[in-house]
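2 protein chains.
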Amino acid sequence: MSLNVTQKLIQEHLVSGDMNPGEEIGLKIDQTLTQDATGTMVMLELEAMGVEQAKTEASAQYVDHNVIQEDYRNADDHLFLRSAARKFGLYYSKPGNGVSHPVHMQKLAKPGKTLLGSDSHTCANGCMGMLAMGAGGIDVAMAIAGEPYYIKMPKVWGVKLTGELPDWVSAKDVILEMLRRHDVKGGVGKVIEYYGPGIDELSAMDRHVIANMGAELGATATVFPSDKEIKRFLKSQGRVDDWKEIKADDDATYDLHEEINLSELEPLIAKPSSPGNVVPVSEIAGEPIYQSYVGSSANPGYRDFAVAGEIVKGKQIAEGLSFDINPSSRQMLTQLVNEGHIASLLSAGARLHQAGCNGCIGMGQAPATGRNSLRTTPRNFPGRSGTREDSVFLCSPETAAASALTGEITDPRTLAMKYPRIKDADKVENDPGMLESPVDPATARGLELEKGPNISSIPSMEALQDNFEVPILLKMGDNISTDEILAGGSKVLPYRSNLPKISTFTFEIVDDNYYETAMKQRDEGGHAVVAGYNYGQGSSREHAALAPRYLGLKAVVVKDFARIHLQNLINFGILPLTFVDESEYDKLEQGDVLQFENVRETIRHHHEFEVGVKDKSEKIRVRHDLTERHLDIILAGGIINWIKNKQESGV
Amino acid sequence: MSLNVTQKLIQEHLVSGDMNPGEEIGLKIDQTLTQDATGTMVMLELEAMGVEQAKTEASAQYVDHNVIQEDYRNADDHLFLRSAARKFGLYYSKPGNGVSHPVHMQKLAKPGKTLLGSDSHTCANGCMGMLAMGAGGIDVAMAIAGEPYYIKMPKVWGVKLTGELPDWVSAKDVILEMLRRHDVKGGVGKVIEYYGPGIDELSAMDRHVIANMGAELGATATVFPSDKEIKRFLKSQGRVDDWKEIKADDDATYDLHEEINLSELEPLIAKPSSPGNVVPVSEIAGEPIYQSYVGSSANPGYRDFAVAGEIVKGKQIAEGLSFDINPSSRQMLTQLVNEGHIASLLSAGARLHQAGCNGCIGMGQAPATGRNSLRTTPRNFPGRSGTREDSVFLCSPETAAASALTGEITDPRTLAMKYPRIKDADKVENDPGMLESPVDPATARGLELEKGPNISSIPSMEALQDNFEVPILLKMGDNISTDEILAGGSKVLPYRSNLPKISTFTFEIVDDNYYETAMKQRDEGGHAVVAGYNYGQGSSREHAALAPRYLGLKAVVVKDFARIHLQNLINFGILPLTFVDESEYDKLEQGDVLQFENVRETIRHHHEFEVGVKDKSEKIRVRHDLTERHLDIILAGGIINWIKNKQESGV
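Chains as they are written, first to last, in the working numbering: chain A, 1 to 651; chain B, 1 to 651.
Keep in mind that the hints were calculated from the coordinates and are not lab data.
Take every hint as true, because none was put in to throw you off.
Residues from chain A shown here face chain B by an in silico Cβ test under 8 Å; the list is partial:
(1) E319
(2) V337
(3) I342
(4) A366
Heads up, the beta-carbon is just placed ideally off N, CA and C, and yes, glycines get one too.
Just chain A, same shape as in the assembly (with noise of 0.2 Å):
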């Protein structure tokens, strides 16, 4: 059978199910990624597993998102990360070294294989012919405890390129062609497999821009091919060992059609405040800037900065304006800095920023009231500047080069200049402090975590009882979203690896006498929740779901769940219930005491079953729609106990 790229580094990772679209099937991960901002309790987590050693070829955390250090707890974060790297054998990449995926890409990413990373944008890493995908931090966890991740078998959506970008068009406007054309849920379910003859005169790090917005469509992946180009970027970083080819066979065949033809892209920009809401630039021209901001890792590339200095060289930006430089690693920092690009950038009055995420997530940078900030970042959601009603356009480096000289929104073909085409350099520096190796094994095995007084571990939590009573503490309407569940911001966040702490403000939303009534409770047997419809939508955090568990939450029962917190509920243990007869919720009450009999043997052997009351004559019905392995899961208090009792036993 002939295979597409995609099927061809699936069938490679298949360790169960088949490659029919929308079947679970579950896959070997050679390679891991995880973040600061997630990997704290990436980390605990697999100290609660009782993990030695990651069992995956390669596996790395990055410091990228909190870089700012206003206080210890920070600072306390990436040493306790660079502790654990060493403990349980990973790569630490420091603080300052720049963002996690360019970073992976220059040093670990290998054509043919698999990487799970607990950021969205991981799937950037498909540019260099691997399957990688974004996850949680729990399926992280467990992938560097060597088990399978399960998704569903997505569709491939092949995208043939033609053509060739024309001057002052690059891959920025190639993906925001994608978003104007499907908007962000276009790629859901699916992977998106660029190839044609477009894709010879993209680079490794143009593919790469193009990937990382991936995210942005929904897509479970971005893939390219790994040909020449990306045996040519290995080799300038000195792996070019690492290389092999991988394309799809003459006559593979996709469950989607697309093409785009280069020649005729324009320069676009995606307007406040989604990343779909894409228009060429032209139409826009002339709108005032307060802000131009090149970096992040949607354009990560030496071509994006150096573009930009280009651009701006000999030459000042618009008075009162910020031009904000984000390198994305300290490697290529140092690249653009020899190459003269920096000083190009700064003598026309750029504001240099630390290597790493900074403005992108909002740690720092933040747009001032009213006014317009065009970036090369990923995303524009309402706030994710750090100004809740900001205003951010997303477009290329030479839109915002171009328009950092003017002012205002700037088609870059109307600059009187040639276009400045940058190639890419043939060899790059090599800086051994951009990754420290794993310790060996034996070495780490003495290590111990170091855990300033913000870091705590997470409690071990009992298997699901077989028998017991459970008052219901909330009962909700519809739509609770997991910021009502467990809010973010930065009350909250600052405690993202002190779960004792950030378990204090769970439902204070909804009810702020919950904290305290579950404690109380917890050490007499725990309590249960109901609601309504679409339980648990929103942000994906797991807190939301091991939080309440900490505070001794056993079932919930509602009328359906977001997809996400209910595999959340499954991995922290807590029994996710649906009502049989939906008409049923309105016989439960807050403060009502609910019964369950038998329910390890019962859930084992029965999707539906019935719920006892307490004093009160009738029963529920409720239904689960759990598989074998969630099963396994649930009866073993949750996936941290599950993996805990498999690497004890040794299996």
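Given chain A, put chain B in place with the hints provided.
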């Protein structure tokens, strides 16, 4: 009469008083400097005063403290400050351009001039043959409005430098030697004037290092002569016409004498947690460090970064260490980039931050819990780094770079390499974006201040009434600090430009009902407070007088005042009174109503007078020690009204 440099500068600017140490003198101010953290209030004060145009020769508004924008507030402040600079006729230096002190030195400093700045390290520009002094915000606002600055005539402390600095010893070690000898109060009431053959070898920027940390000695100012090195420096900046020679007369004398033989100095270090806690580096060599940090106005020169670059060139810093480079100005950063020093630092593993104050004032780069941080910054007071229980050492760039390589405190003389002696460039690139010039007055008149939602004008305040009755809302004990009057910290500081909002925190630590009660009482004639000894000690923040005044505070009756807070009370029109008989403190109770009669006339003619206590038979005797100038200010209702009246009457 023969004069030293200090006396020449003072004589040239004397508008009142005589040059007898301890006597009040008034000085004409030629230049001012404001930074963003203090500048927003200064600009609001100028607005409230009705000032149209700065009356100084040159006034500059720098943005260097709050350059991390985590939400709209700092960004809005920047836009507000730029609009104020344009409206009031000031120079404006945008965020990312660098620290006020070196930028001012590069762009505006002139030998023979006076400079007043709302930053305690304003004294750094004393290196240029100027009388440069730090002051409160309102003092700088007054100077911008053309008013003299009043101080007590200082003693002049002549420090003769002989010999030459040995290899690996630099300017920072000279000022650390002064601190080792005299500790942090050694300079109080004095201007330190350096002279002698040793200064010939010190570059202008080396002298900046020494003058800057005169603040740590508590000195009023530090003065250097303007010699051929200052001419060379100004020439390198394209400003040779701004040079003039200023040197002490041959037979000039000093009130106090000191001598330092530079040849005998060795690398020094200030241990936690005081700049006066100085020992030789060799004494504590081997102590492990977590962080090494180069930058700040205490080591701002090209040389300071270049020497660090040369020391680490081609090597790697110790694993796990954070090597933070905070450039002091964008112009200098460009120069360091062009000369290859930034590449050396980056390749060795450094984190390169945006030009600005950054970690020096706790804005990022805070150290981890329980770890040692080595810094070239001027201060290591507990918690200033952002980490509450920090452990910060102060040293030269040589010591910082040597220690970055080893991971422990290291005497740079023990490095097996030749000392890289750096020469300052004789010509630097002129970057026109470093300073926006004032707009012409005609245009300025039509401009509006741009105020984001967190920036609020200072409301107008009434003149002191002749007869009023005010209840005592608080009766407090001894040593009430300005932190208790109005706390600093991250909860309060974001409202530094918003008087109505920051006022809600007034006296919160003492009595959390104060705000509510005072607001209620405000419309009914205001209130008074009573306290014991040393009222208003601690931080000089003027908000601690302005906020209670906004809430209707009319009079403060105490046993005695801390000096700076007393001045702030006068400035904001609050009657500062002491008990004639301290035992009468016991007669007053919270809730008592004080009756002031014919007070305008009374305080003008009597230092002591009686105040009634309503519903009590007895009166209490109070006293003030206000000068005629103070009385004018108090009677006008504060300095803002006083200058406003003056501006309006056109005097």
